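The numbering of the sequence shown is our numbering, which starts it at 1 and goes up by one.
Read the hints as simulated data drawn from the structure, not as lab findings. Among the hints, a few may not be true.
[As the list claims (entries may be wrong)] The following label-pair restraints were derived from C-beta to C-beta distances: (1) 94 to 6: 50 to 60 Å; (2) 151 to 1: 32 to 42 Å; (3) 115 to 163: 39 to 49 Å; (4) 69 to 137: 20 to 30 Å.
Since the model is a prediction, treat every value here as computed from it, not as a measurement. Note that CB positions come from ideal geometry on N, CA and C, so glycine has one too.
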Amino acid sequence: GIMHANSLGHAIELQNAVAYGLKAGLYTQNPDDLAMWLDRVEAGNLYVNRGITGAIVQRQPFGGWKRSSVGPGTKAGGPNYLIGLGKWRGTDAGAPSSTLHLRGLDSRITTVIEAAQASLDYPAFEWLRRAALSDAVAWNEEFGRVTDVSRLGVERNLFRYRPVEVAIRATGDATWQA
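Take these sequences, add in the hints, and give me the full structure.
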């Protein structure tokens, strides 16, 4: 049905309150409103100043949030679609590092690693440190960027990743390595 909102912030709250989040649209000429909406709206495909129907695979990867998503969350036609159809496996990390640095990591990650360090032997610490640094590189080079996957020129089809809260729970006899 039709809803009434007192402000854009209120409209976003109403929009995000539903159990689904396949797609959402906004008509605006105000760049501040657009920035707020893009930052806060919870939907898989966002449309600005155009209709919200008719997504085209490969041009507009398609998939939703909340109850509008299925499986691991890869978007049909998106650059990661095949990942959901395979399996991950570990590889040899190569020669151990000669340094113990945690430079380049978010302070929250550094805090967790430093808190755990006393309970880790060197191989476990090195595995955790390398994993965190690898994740930081992946975020900076791929997952933390917004890219125009179709590069059409006449419209922008921006693909982005959004952070997800993660809780880690382990028993007293758990090991750090998977």
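Hint check:
1. 94 to 6: 50 to 60 Å: Check passed, 57 Å falls within 50 to 60 Å.
2. 151 to 1: 32 to 42 Å: At 38 Å between Cβs, range holds.
3. 115 to 163: 39 to 49 Å: violated (21 Å)
4. 69 to 137: 20 to 30 Å: Given a distance of about 27 Å, which is inside 20 to 30 Å, the answer is holds.
Hint 3 from the earlier list is the only one contradicted by this structure; the remaining hints agree with it.
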